[in-house]
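Trainee: Residue numbers (the numbering used here), protein chains in the order written: chain A, 1 to 193; chain B, 1 to 251.
It is possible that part of the hints are untrue.
Some but not every residue of chain B turned toward chain A, in silico, with C-beta under 8 Å [to be verified]:
id	residue
1	A3
2	P76
3	R250
These are calculated hints, taken from the structure and not from any lab test.
In this text, a Cβ means the ideal position worked out from N, Cα and C, and glycines have one as well.
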Amino acid sequence: MNIAVVKYNAGNIHSVRLALQRLGIDPLVTADVRKIRSADKVIFPGVGEASSAMENIRQSGIADLIPQLTQPVLGICLGLQLMCRDSEENSSKCLGIFNTAVRHFPPDDKVPHMGWNRIRDLKGDLFHEIDPDAYVYFVHSYYAELDPYTVATTDYILPFSAAMQRDNFYAVQFHPEKSGAVGEQILRNFLAL
Amino acid sequence: MLAKRIIPCLDVRDGQTVKGINFVNIREAGDPVELGAAYAEQGADELVYLDITASLEERGTFAELVEKVARTLNIPFTVGGGIRNEDDVARLLDAGADKISINTAAVNNPEMVEILAKRFGSQCVVVAIDTKHRETGDIVYIHGGRTPTQRVTQDWAREVVERGAGEILLTSMDHDGTKNGFALEITRELAENLPIPVIASGGAGSREHFVDVFKAGKADAALAASVFHFGEIPIPDLKRYLRENKIEVRL
Chain A
1 MNIAVVKYNA GNIHSVRLAL QRLGIDPLVT ADVRKIRSAD KVIFPGVGEA
51 SSAMENIRQS GIADLIPQLT QPVLGICLGL QLMCRDSEEN SSKCLGIFNT
101 AVRHFPPDDK VPHMGWNRIR DLKGDLFHEI DPDAYVYFVH SYYAELDPYT
151 VATTDYILPF SAAMQRDNFY AVQFHPEKSG AVGEQILRNF LAL
Chain B
1 MLAKRIIPCL DVRDGQTVKG INFVNIREAG DPVELGAAYA EQGADELVYL
51 DITASLEERG TFAELVEKVA RTLNIPFTVG GGIRNEDDVA RLLDAGADKI
101 SINTAAVNNP EMVEILAKRF GSQCVVVAID TKHRETGDIV YIHGGRTPTQ
151 RVTQDWAREV VERGAGEILL TSMDHDGTKN GFALEITREL AENLPIPVIA
201 SGGAGSREHF VDVFKAGKAD AALAASVFHF GEIPIPDLKR YLRENKIEVR
251 L
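Work out the full structure, taking the sequences as your base and the hints as a guide.
Mentor: Below is the structure:
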């Protein structure tokens with residue numbers, strides 16, 4: 001299976017690659033638009049700041065490419081946020097795959113939301129054999145609002161989209177690559193799509 | 001609700017864990033990679049690897065170890081010990097560590113916290129604070145607890161938050177090694193008043209101590225070494241006990 005991990009100025013690309021290798025997949029980590037287009041599946045990871053990430057993927061042509069992809073695509077963390085309409089993080093216009101706003105958590109508790117939290121109201125193939133209320137690992141200060149594309153919900157300060165799906169586009173706010181056995185199962189589910 | 005985290009800490013010298021280990025189901029007790037994987041399997045929420053190597057030459061061995069850990073482990077891990085500058089941090093993060101922890105270097109050069117937070121993101125910058133209670137107040141120590149500073153623990157904690165630290169690892173030197181329980185007062189003072197998570201360390205001896213540090217100490221996470229390494233408190237038992245005591249943990 002030919003898996004492309006989108007390479008740009010994001011922080012967790014290395015750990016996503018290692019997680020796939022633990023599952024027996026050696027992904028192609030690339031910024032090459034043609035290689036990404038021809039992959040069987042595409043993973044769009046990310047830890048970092050939204051506006052500089054958008055700037056980076058616009059320059060490399062990846063921003064134009066991603067919404068046109070027809071194979072399964074999995075956004076992770078910042079990847080999910082960049083797939084939304086816009087982000088409060090430095091007022092960034094994003095890819096608009098999900099017509100959803102990304103907002104900063106209100107300061108009613110510690111921010112970033114860091115650590116293990118539960119996912120509930122699980123829908124769709126990504127959560128095959130995942131227990132409702134399973135714990136996954138989060139690190140983020142911005143969140144995507146709930147909307148019709150939400151396929152998993154987490155509560156921290158308020159309920160937000162822990163995962164979203166529209167057609168072939170999948171996205172998770174948490175880090176499956178750091179979420180133990182549960183995260184591995186979610187990655188396997190994506191690879192099995 | 002965000003779960004309280006249980007974090008075993010592994011001291012590493014020359015690529016081997018140093019404290020005595022009494023652990024079932026691992027082939028080589030001193031292998032930090034295998035031990036870490038066993039902890040992850042048992043339900044540890046994160047791990048901390050501390051490089052207690054004294055010499056510069058051996059620092060490379062530690063970076064190699066970090067790479068192996070990153071390949072194996074499917075939960076987050078922090079590395080610390082002997083980090084002096086930005087380059088050390090870049091090397092360890094490149095090797096696959098999720099977070100780094102700095103202590104003496106931050107006290108000697110507080111701007112480093114800001115530089116690291118800007119370059120790598122606050123989420124991966126843990127500031128470790130070794131504190132000791134005195135009649136005059138709580139004082140920060142450096143050099144692995146050997147050298148007292150003029151800094152007041154609470155003030156220093158606030159300062160590192162302002163400079164962009166993502167987490168504080170608070171070790172009470174009065175409690176460390178005693179097995180008499182965590183330092184609840186100072187932990188609570190920081191955990192309640194700071195906008196970032198506080199990991200409590202030092203003094204774990206029983207399951208009740210963990211209940212105390214989460215309930216009375218308001219800690220976001222608790223770190224321990226020997227009670228886990230010697231199998232005195234198996235992590236699955238500890239987590240079940242915490243849940244029985246109405247503390248949110250990942251089981």
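Trainee: Are the hints correct? Go through all of them and say.
Mentor: To see whether the hints hold, each was checked on the structure:
Because the closest C-beta pair between A3/B and chain A is about 4 Å apart, less than 8 Å, the hint holds. Proximity of P76/B to chain A holds as hinted, the smallest CB-CB distance being about 5 Å (cut-off 8 Å). Interface hint status for R250/B: upheld, as the beta-carbon distance to the closest one in chain A is roughly 4 Å, under 8 Å.
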